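Trainee: Sequence:
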Amino acid sequence: MSRAGRILGVDPAAAIPGGEVAIDCTDFDTSDLSTCHALFAGARAHLVAASNRRLLALVPEMAASGETEVTVESAGERSASSRCLIAKKLAEDLHPVANPAFDPDDGSLYVTRSGSRGQHFPVTIFRIDANGEVSDFSGDVTNPTGIAFDKSGQMFVTSRLDGTVYRVSPFNEPVSFAEDLGIATGLAFDQEGWLYVGDRTGTIYRVNSIGEAEPFVLLEPSVSAYHLAFGPDDALYMTGPTVSSHDAVIRVDKRGRKSDFYRGLGRPQGLAFD
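In the working numbering, the protein residues as written are 1 to 274.
None of these hints come from the bench; they were simulated from the model. Remember, predicted model here, so these are calculated numbers, not experimental data. Note that beta-carbon positions come from the ideal geometry of N, C-alpha and C, so glycine has one too.
Each computed DMTMM-like pair below joins lysine to aspartate or glutamate, with the alpha-carbon atoms no more than 25 angstroms apart:
| # | residue 1 | residue 2 |
| --- | --- | --- |
| 1 | Lys254 | Asp234 |
| 2 | Lys151 | Asp129 |
| 3 | Lys89 | Asp11 |
| 4 | Lys88 | Glu67 |
| 5 | Lys254 | Asp274 |
| 6 | Lys151 | Asp253 |
| 7 | Lys258 | Glu212 |
| 8 | Lys88 | Glu69 |
| 9 | Lys258 | Glu220 |
| 10 | Lys254 | Asp190 |
| 11 | Lys258 | Asp180 |
| 12 | Lys258 | Glu192 |
Label-pair ranges, simulated between beta-carbon atoms:
| # | residue 1 | residue 2 | range |
| --- | --- | --- | --- |
| 13 | Ala80 | Arg255 | 48 to 54 angstroms |
| 14 | Asp11 | Ile210 | 46 to 52 angstroms |
| 15 | Gly9 | Ser152 | 41 to 47 angstroms |
| 16 | Glu173 | Asn208 | 21 to 27 angstroms |
| 17 | Glu173 | Val134 | 17 to 23 angstroms |
| 18 | Asp260 | Ser51 | 27 to 33 angstroms |
Full structure from sequences and hints, please.
Mentor: Structure follows, in structure tokens:
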């Protein structure tokens, strides 16, 4: 039997360069750790830990992305390959605080360079098209935080500086839509057109079509932002790192009743449904 054993699977099945993955295997020989390696498309990864049944490895920086061959090696012997989906870097030097958003019209991704509180940049919102090309979109909103589109394709952006939700016109001009929402961070629309806005000091607001807001649910304050998304069951799901190191993904039903949906991710932040 090969000293490299056999790979059973890679967990998670998708990762980014620098991220940690677990490679589950059988009969991996760790008698000489200096000869033990994990390889992604032939590039050696940094091993965090290794046993005869599992290797923890950091995905190396690679030119390639997409479905990638993963192998393990011991004493010069290499295993048969498994697969892992490696993300492609689209842009850098940004500062997304809450979820970015896809334009439903053309699939472009809108992201922010939010900056520290009160910090101004010439451009604060960027557009990344389907080909990965980055272009300037707007610099008129200071500390833009969350982005969402309504059913008509209209863009809405929060500013955590002034607690305002802005509606962005087709001419890229932001107009105040709802105000006095605390430190406004993540936002999401439900199927009926209500807009939900997370004030990171502890309140999720529900906003109607003319910008009138009401508290919807109270939560533990977040140290950075609330991230909001509606699931296929029409419930609101949210994350928001607190002072704890064991936060939950929270589910809130239409009546505002909250429950822990899942724990075990440490301090989960951004979330989305496919």
